Amino acid sequence: MSIQVKNINKRFSNFQALNDISLDFPTGKLVALLGPSGCGKTTLLRIIAGLETADSGQILLEGADASNLHVRERQIGFMFQHYALFQHMSVFENVAFGLRVKPKNERPSEAAIRQRVTELLELVQLGNLAKRYPSQLSGGQRQRIALARALAVNPRVLLLDEPFGALDAKVRKELRRWLRQLHDELHITSIFVTHDQEEALEVADEIVLMNKGQVEQVGSPLEVFRHPATPFAFNFLGTANRFDGKWARSGVLVSEDLLPLPPTQAIHTHLAEGGDVIAFARPHDLQIETNFEAAQGVRAKISRILAFGPMARVELSHATQPETYYEVDVPALSIASLNLHEGQAVRLRPSQLQVFPAG
Amino acid sequence: MAQTVGKRVLPGFGLSLGYTLVYLSLIVLIPLSAVFINAASMQWSEFWQVVSSPQVVASYRVSFLTSLLAALINSFFGLLLAWSLVRYNFFGKRLVDALIDLPFALPTAVAGITLSALYAKNGWIGSLFAPLGIKLAFTPLGILIALTFIGLPFVVRTIQPVLQELSLEFEEAAATLGASRWQAFSRVVLPALLPAMLTGFALAFARAVGEYGSVIFIAGNVPMVSEITPLLIITRLEQFDVAGATAIATVMLIVSFSLLLIINGLQHWASNRKRYLTGEDLA
Numbered sequence: 001m002s003i004q005v006k007n008i009n010k011r012f013s014n015f016q017a018l019n020d021i022s023l024d025f026p027t028g029k030l031v032a033l034l035g036p037s038g039c040g041k042t043t044l045l046r047i048i049a050g051l052e053t054a055d056s057g058q059i060l061l062e063g064a065d066a067s068n069l070h071v072r073e074r075q076i077g078f079m080f081q082h083y084a085l086f087q088h089m090s091v092f093e094n095v096a097f098g099l100r101v102k103p104k105n106e107r108p109s110e111a112a113i114r115q116r117v118t119e120l121l122e123l124v125q126l127g128n129l130a131k132r133y134p135s136q137l138s139g140g141q142r143q144r145i146a147l148a149r150a151l152a153v154n155p156r157v158l159l160l161d162e163p164f165g166a167l168d169a170k171v172r173k174e175l176r177r178w179l180r181q182l183h184d185e186l187h188i189t190s191i192f193v194t195h196d197q198e199e200a201l202e203v204a205d206e207i208v209l210m211n212k213g214q215v216e217q218v219g220s221p222l223e224v225f226r227h228p229a230t231p232f233a234f235n236f237l238g239t240a241n242r243f244d245g246k247w248a249r250s251g252v253l254v255s256e257d258l259l260p261l262p263p264t265q266a267i268h269t270h271l272a273e274g275g276d277v278i279a280f281a282r283p284h285d286l287q288i289e290t291n292f293e294a295a296q297g298v299r300a301k302i303s304r305i306l307a308f309g310p311m312a313r314v315e316l317s318h319a320t321q322p323e324t325y326y327e328v329d330v331p332a333l334s335i336a337s338l339n340l341h342e343g344q345a346v347r348l349r350p351s352q353l354q355v356f357p358a359g
Numbered sequence: 001m002a003q004t005v006g007k008r009v010l011p012g013f014g015l016s017l018g019y020t021l022v023y024l025s026l027i028v029l030i031p032l033s034a035v036f037i038n039a040a041s042m043q044w045s046e047f048w049q050v051v052s053s054p055q056v057v058a059s060y061r062v063s064f065l066t067s068l069l070a071a072l073i074n075s076f077f078g079l080l081l082a083w084s085l086v087r088y089n090f091f092g093k094r095l096v097d098a099l100i101d102l103p104f105a106l107p108t109a110v111a112g113i114t115l116s117a118l119y120a121k122n123g124w125i126g127s128l129f130a131p132l133g134i135k136l137a138f139t140p141l142g143i144l145i146a147l148t149f150i151g152l153p154f155v156v157r158t159i160q161p162v163l164q165e166l167s168l169e170f171e172e173a174a175a176t177l178g179a180s181r182w183q184a185f186s187r188v189v190l191p192a193l194l195p196a197m198l199t200g201f202a203l204a205f206a207r208a209v210g211e212y213g214s215v216i217f218i219a220g221n222v223p224m225v226s227e228i229t230p231l232l233i234i235t236r237l238e239q240f241d242v243a244g245a246t247a248i249a250t251v252m253l254i255v256s257f258s259l260l261l262i263i264n265g266l267q268h269w270a271s272n273r274k275r276y277l278t279g280e281d282l283a
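One line per chain: the protein sequences are Z and D, in this order. The numbers in the working numbering rise by one with no breaks, and the one at position 145 of the first sequence is 145. The numbers in the working numbering rise by one with no breaks, and the one at position 268 of the second sequence is 268.
A couple of the hints might just be wrong.
Among the chain Z residues that face chain D by a calculated CB cut under 8 Å, a handful are [unchecked claim]: (1) 78; (2) 86; (3) 178.
The calculated label-pair distances, taken between Cβ atoms and stated as ranges, are [unchecked claim]: (4) 112/Z <-> 36/D: 58 to 66 Å; (5) 271/D <-> 118/Z: 28 to 36 Å; (6) 73/Z <-> 23/D: 24 to 32 Å.
Chain Z side only, calculated, beta carbon under 8 Å to chain D, not exhaustive [stated by the list, open to error]: (7) 6; (8) 49; (9) 68; (10) 71; (11) 76; (12) 97; (13) 104; (14) 156; (15) 271; (16) 274.
Hints in this document: simulated from the structure, not taken from any laboratory. Nothing here was measured: the structure is a model prediction, and the numbers come from that model. All C-beta atoms, glycine included, are put in the ideal place defined by N, C-alpha and C.
Just chain Z, with the same shape it has in the complex (with noise of 0.2 Å):
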């Protein structure tokens, strides 16, 4: 089912935690809210289950306004980030539940409410665990047995809140994969929250990427983390180096330094000349010129040199700023090819640059 989200403001006291939003989320995908703490994604989230209200705007449900509908009505699984198992019931009556207040002449038979339980705790792989109850549990397993819960009610809309934020690394890597499998298999709709731009670049179909309540990019994990379209979008997604300074033609001018535009790629025409601009590099999009005398490229001096696996990571500061820290992944092997040591003066060349206007 899809969803839509139009125009939706949200004001907590004195605080703006949405500012008119506007989403698709189309049909059977999985989608990822992104952020850091504080961007209005929970917020975004429970509007949309009808666990808050919002200001102003709509939700439509497969096209069909639900921002009147009561949350019981909206038929929407909801997973809460610290799982809100009912700690008094057995996993069974936890995934029963849904089913079981079910108004008399809608109610499935016992049998019926039996077999599907089985079913559902078959589908989450622990249905060897119906008899115990939520503290016997690890965090991993809870987790599934509230997606359990959350699925025995048939909804339209399965809605996930930070659903692995605490969890340790090692179980988050498999519930990850295994939710990725389980939404193939389904092909329910699905908005998951997180503020880990791993998470969601691994799981989702598409990234809606947020900040300071409003939206600042929407697309696919490659696209955004390729194509990041604001300063924030690339800071947030992945490394990366930042520089401040001027536009020139055919490079940014960090203070005297002229960080030249790759030849390969296009130029930049809406920017002013000589206006202020933040322009971003990754570290893998970094190169080492070991020519201090070199006409072009941002002079700095290599700090540290970090080789340990097939990449290696070197930390430089800028030659006469040393606050300004850069980070630059060349292949290990390189490090002895280019005979780089630590205290060494260098430039750094882009390969790849992308270009912001300040402010």
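With chain Z's structure known, arrange chain D on it following the hints.
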């Protein structure tokens, strides 16, 4: 033994346990056993005659029934009060919160006089009921009022912290699963509060059974109708019938203790239910 004690991470186990036992003996066990020893000075037939005389039996009924009823009333309204104090913000909330402790702090005699003045035929509240033919003060109803008054804070103060800890997420989860407000409350919130409610009930009940000061003013102390057991004990003492007083006290002690034991068992069951494995039958 000395070696294992020496290896304990927390020192002073022997000292603190010894202190605990001595203190418990001095304050609780010795006075309680004195009741039994005193009562034992009587012949069994004599003892039975005292504790089963119609006036005394009537007082048991009054004492335990009014206490039970008062504790039940308090469990319900105490939950309501705790609920509004935890879940809602309103003007004067802190004042209301402080007022709840008043029955704790008020000398019971003061409470007794005030209540009987209020609920008497010509009192503010009593005069409203008098035309309807309902007599409040100087009847078992008056006892019920006094016991409800003194028991309220026990229930509120035991439920309040548990309710505060109970995350709203559980009710939200129930709502997303299609549960109505009432279903969410009865199936999710109430079971979580049950152990605390039982504790509050037990405390309010125990306090009510033992209450003397506030009750005797409002009870009217009509033999067979509105006489509480503690009053009979005092009456016997005033007649220098110590053995008779302790005989009645023994019965009260045994009944109260068994009731508390039962409530404790219930509480244990309610709070540990989540940890037990159910049997074969899942439904």
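| said: If you test the structure against every hint from before, which numbers come out violated? | reply: Structure breaks hints 3, 6, 7, 9, 13, 14, 15 and 16.
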